[in-house]
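Residue numbers (our numbering), protein chains in the order written: chain A, 179 to 488; chain B, 179 to 488.
Careful: at least some of the hints might be erroneous.
Copies of the same chain look alike in the list, so a pair counts if it fits in one copy or across any two.
Claimed, not checked - Below, a list of computed lysine to any residue pairs in the SDA-like style, where the Cα atoms sit at most 25 Å apart:
| id | residue 1 | residue 2 |
| --- | --- | --- |
| 1 | K340 | L374 |
| 2 | K192 | G476 |
| 3 | K422 | D287 |
| 4 | K192 | A224 |
| 5 | K192 | E475 |
| 6 | K192 | R358 |
| 7 | K434 | I353 |
Read the hints as simulated data drawn from the structure, not as lab findings.
Number of protein chains: 2
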Amino acid sequence: MPIAVTILGNSSAKPTATGHPSAQVVNINEQLFLVDAGEGVQRQMARAGISPLKLRAVFISHLHGDHVFGLFPLLSTLGLYGRRTPLRIYAPRPFGEALEAFLRLFESDLPYTPEWVEVDTTKHRIIFENDTTEVWSLPLRHRVPTAGYLFRQKEPALNVTKYAIERYGLDPHQIVAAKRGEDVELSSREIIPNNLLTYRPYPPMSYAYCSDTNYSARLAKMIQGVDMLYHEATYAASERKMAKLRGHSTTEDAAKVAQMADAGKLLIGHFSSRYKDLEALVQESREIFPATEIAREGTTFTIEEKRIKR
Amino acid sequence: MPIAVTILGNSSAKPTATGHPSAQVVNINEQLFLVDAGEGVQRQMARAGISPLKLRAVFISHLHGDHVFGLFPLLSTLGLYGRRTPLRIYAPRPFGEALEAFLRLFESDLPYTPEWVEVDTTKHRIIFENDTTEVWSLPLRHRVPTAGYLFRQKEPALNVTKYAIERYGLDPHQIVAAKRGEDVELSSREIIPNNLLTYRPYPPMSYAYCSDTNYSARLAKMIQGVDMLYHEATYAASERKMAKLRGHSTTEDAAKVAQMADAGKLLIGHFSSRYKDLEALVQESREIFPATEIAREGTTFTIEEKRIKR
C-alpha cells in the first residue's frame, strides 16, 4: 500500500509559459487528497488522468494566490460534474471569507457543499483521521499564516498468514481472534502465540508537504523519520538573505531540514522563476542531503517500501 | 492599421486537457484589450508572447467562472510585475463585489488600482472612447446579465499626400490646415480643394465579440456591417432546444447572425466539450455563412483590409 504523490505544479508566484503553480495530489491508502491548488490545477489533473470527482479532501497551505486560485474553478467543475458528497477544505483563515464570496457571487446553486475546516497554523495536531490515515498540521514560517501537512498511514490491521490457517486448521472464529492480536487455542489445547499466525501487511509510511516557509529546526522535529518530504527551495544557497526576508527557503535550508528529520527522500520545488538551471539547484541540496530530487511537474513519486533504518 | 484578435481560449465551461476557457486579446490601433479571462489566461498570454503589462483595459462579458476566473491571478501577477497604471475592468454586476473580496483577502497591497466600470447589459452604448477607438456594449441573451463588445476604429485623421506637398510646395501651416480638412490657398491665390491634398490612411474597421448568448436578431442589427464577428456556437444545429434552454447558440444561430449583420468574417467557438469533430461544426455554419472559421486557440485573426461591399 504505497503512498504516491503526483506533482501537478511546482512554480513560484511569477507565472511562466511552461510551469504551473503549486499543486499536488497525495494518494494514501487509495484516498486522493489535493494539496494546494494553484491556477490550472484542474487541467493538470486531467492531464495526469486523475478524476477530480475522486478527491476525498483538499488541504491549502496558505492564502497566497499561487497556492489557491485554481481551487475555485475546480469547485465549479465539480458542480458541473454533479458531485453530491460534501468536500472538506482544510485551510487557514480567511479562507472561509473567500469561499463565502465565491459561493455567493459565482456558485449559489452547487449540487454539493464545500465545507471549510479552519486550520490553526500555530498548532501541530491531527486535523484529519480515519481508520487508515492521519493528517497533521505543521506550523510553517511564512509572511502570512501557513501550514504544512504531514500524511501518516496508521499501523495497518494484522493479517493471518495462509500458512498458519492451513498448518493449524484455523476456523473463522480463530482467524478473527488472531486478527485482533490474540493468541489462539487449538482443539488440541495447544496455544499458538499470535506472532506465529499474523503479519502486518505493510509498514506505515509518511509524507510531509512544507511550502512556503523559512528554515525551521522545529519543523524538522515534527516530521522526524518522515519517508518522503516535499520542502520548498525558492532560492539558491547564495540567496540566503533574500530567502529569509521573503519567508522562503534555500536549497540548503530544505536539505538541512531533510537531514535533521532523517527523511527517506527529499523533493524540492517552488523555485523562483529566475532559475533556468534546476540541476544546479538540486546539486546544492544533494551536497547536504544526497537523496534529493526535483519535484518535476507531471511526475509521480512513490514510497514503495519502508527504507531500512540506519 | 489592422485589428488583430488573438484567441487565448475557446472552450466552454467543462475543462479539457487540451483547451482553455474563453479569453481573447484584441489589438486595435496598437492598444491591447483583454476580452474575457478564463482560467489560465496569463499563461496563454505568455505563450502568445503578449506582455500582460501592455493591457490597456479588460472587458468581461459575464460572471460565469469560465469567463473570469483567470482574471484574479492575472491581477496578482501585474502587481508582482510592478504595474503602476490603474487598470480599468469593464464588467457587469456583481463584478465589483468579487473584485472587492479579491483585493481584501488576497491583494491588499497592489502597486496599482484595478478599477471596475459597471457595464449595463441592457444597453447598447459607447462605454470606452478615445481618439482612435470606440467600444460599444452589446446586450446579449444568457442565463445571467451578459454583454458582448463591439470594437470600432474611428475615422482616422487625414494625411496629406507627399505628392501634394511637393506639387504645391505646401508649408507647415498649410499642411496642418489640410489635415484639419480645409482647402488650401496657395501664394498664387489658387485654392486647392482638400480632396486633392489628403487621404484617409486606413478605412475604419470593426470587431464584435458575442459570448455567451441565445440567437438574437436584435444583436445582428447592432453589429450591422461588422468586419469580423466572434459568435459563440456551443452546440451543433441538432441541439437547438438545448441551446435555447441553456442560453447558448448553435452553429446555425451564429451563422444567421453573421449573415443578417452582413459580417465580413465569422469566428465560432465556445464548443461544448462533447464535440470532438470541430470540422463538422464549422461546416454547419458554412452552409449558411461561408466565411466561417473556428476560433482556434493560439491563432491570431487579422482584419487587414476593408472588404469590398457587396
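Practice problem: Check each numbered hint against the structure and report the violated ones by number, ascending. | Solution: Violated hints: 6 and 7; rest satisfied.
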